[in-house]
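Engineer: Could you build all of it, start to finish, from the sequences and the hints given here?
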Amino acid sequence: MRESRDYRGALDTISNKAVQLAALLNMCYGNGFENFKDMTDEVQGNVLWLASDLAQQIANVASGVQHG
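Going by numbering that gives the first Met the number 0, the first residue of the sequence shown is number 0, and it counts up by one from there.
One or more of the hints may lead you astray.
[Claimed, not checked] Cut-off 20 Å, straight-line C-alpha distance, at most; resulting in silico cross-link-like pairs (SDA-like, lysine to any residue):
no., residue 1, residue 2
1, Lys16, Ala50
2, Lys36, Ala50
3, Lys16, Val64
If you're looking for bench data, these hints aren't it; they were derived computationally from the structure.
Structural biologist: Okay, structure coming up:
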């Protein structure tokens, strides 16, 4: 039972992080790109750094689910 809860918790985390990453990246292309490119280089870098961190968190949790 605990394993099932852990698995569901991991899937919830992956889902939540994926939604956050998708929302963040929406501002980096299409209509949002105009606003993104008007940001300072530092802010652009920080946004992309955050996107990278979210992607890594998703990969780490998914890896634990695969090996768990």
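Engineer: Decide, hint by hint, whether the structure agrees.
Structural biologist: Evaluated hints:
1. Lys16 <-> Ala50: holds, 10 Å
2. Lys36 <-> Ala50: OK: Lys36 and Ala50 at ~16 Å, within 20 Å.
3. Lys16 <-> Val64: This hinted pair holds, its Cα atoms lying about 15 Å apart.
When each numbered hint is compared with the structure, no violation occurs for any of them.
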